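Undergrad: Residues per chain are reported as follows:
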Amino acid sequence: MAEQTIINMVNEVFIDSFEIPADKLVPEANIFNDLGLDSLDIVDLVVALQKKFAVAIRDDERVRTIRTLGDIYNFIQLIKTEGNK
Amino acid sequence: MRLLKLIYLNITFYAFYIIFSLVFIPLLTVFIVCCRLILSHRQTMKRLRRVIVWYGTVAIRILPFPLIRVEYKNYARNEGRGPFIFVSNHRSSSDPFLMACPCLFYEAIQVVNIWPFRLPVLGIIAKLAGYLSVREMPFEDFFAKTTKLLREGVSIVVFPEGTRSRDNSVGQFHGAIFRAAIEVKTPIVPLCITGSELIPPIGSMLLRPGVIKIHQLKPLLWEEYAGFSPFKLKNHVRQMIINEVAAMEK
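Sequence lines, in order, name chains A and B.
First residue of the first sequence: 1, per this note's numbering; consecutive thereafter.
First residue of the second sequence: 86, per this note's numbering; consecutive thereafter.
Treat the hints as calculated values from the structure; they're not laboratory data.
Keep in mind the model is a prediction, meaning the values are calculated, not measured.
All residues carry an ideal CB built from backbone N, CA and C; glycine is no exception.
If you want the ones that stay clear, here's a sample from chain A, every Cβ over 10 Å from chain B, calculated:
id, residue
1, T5
2, A22
3, E28
4, F53
5, A54
6, V55
7, R67
8, D71
9, Q77
10, G83
Computed list of lysine to any residue pairs in SDA-like fashion (alpha-carbon distance at most 20 Å, straight line):
id, chain 1, residue 1, chain 2, residue 2
11, B, K230, A, L40
12, A, K24, B, S314
13, B, K317, A, N33
14, B, K317, A, L25
15, A, K52, B, S314
Label-pair ranges, simulated between beta-carbon atoms:
id, chain 1, residue 1, chain 2, residue 2, range
16, A, N8, B, N159, 42 to 50 Å
17, A, F32, B, W200, 17 to 25 Å
18, A, K51, B, A311, 21 to 29 Å
19, B, C119, A, E61, 51 to 59 Å
20, B, T248, A, I57, 26 to 34 Å
21, B, F105, A, K51, 52 to 60 Å
22, B, E221, A, F32, 19 to 27 Å
23, B, F101, A, D59, 50 to 58 Å
24, B, W307, A, D34, 23 to 31 Å
25, A, D59, B, H126, 36 to 44 Å
26, A, A54, B, K212, 43 to 51 Å
27, B, R203, A, T81, 47 to 55 Å
Only chain A is shown next, with the shape it has when bound in the complex (with noise of 0.2 Å):
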């Protein structure tokens, strides 16, 4: 998947689930201080992007490491190219 694409996925994202301005979506947003998502947002968000990309994430430690837009970006494609393998 283009990594362009997986910007826009993400985006339509925040932008569908939780109504986030697309000025605010850059990719060194802090999706907590920044965007304002708290501990039960990332659930949600989670679950979104589950059903957004076809993905299982929702056990994945390494979600428990994003703190950025950019680091959804790039969790995103590792499991989009993990998936290809």
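Given the coordinates of chain A, assemble chain B onto it according to the supplied hints.
TA: What follows is chain B alone, placed relative to chain A:
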């Protein structure tokens, strides 16, 4: 002159506060024991919570007066009988006492951090009154307890930033209580506090003379937020508070 005021305020406040607490807390204990002997647990809790609010009123509005004045403006007078979820910004350790203003005529508990439970005597009373230490319980327990309290008619006071602001800005909100609000369809009352940041400052017990302003906004009714996600709701309430705080500090 300013130094004299500072010394006078702190000596008189803490002296009166200790004397008041030494008298009030044993009387409260006797009162609650008597209530429990003749009333149900539920009725006793109701009285305990109401009395705690009166304790807060004396501590924050009467003892430090006139060097610390509390200006309380309620834009929502006579709008509904509750229960409500009172949502406030958080600047100082005096803020929980300030909640006596909006809660004066309601049975209410507060959602607190860990440290208030560790206060001698007051921590025990808070626990007895059913105050919730949000950091010490999983979300499922918090959700079950808050929804049960709201259904019983108990209002809940929260500081959803989770900690005191260090720069007077309104931090990001945690959404746990907003999920309970949606579940029980409870009106949310935004509370906006300014002026408490030096009464006392973070890391100090030294009170500075000043004016604390509390503005209670109109309740956000369930009919107004029906269909909101918890994320949208918490940010909506946060923005209401940010706007009012900005207006208060102009």
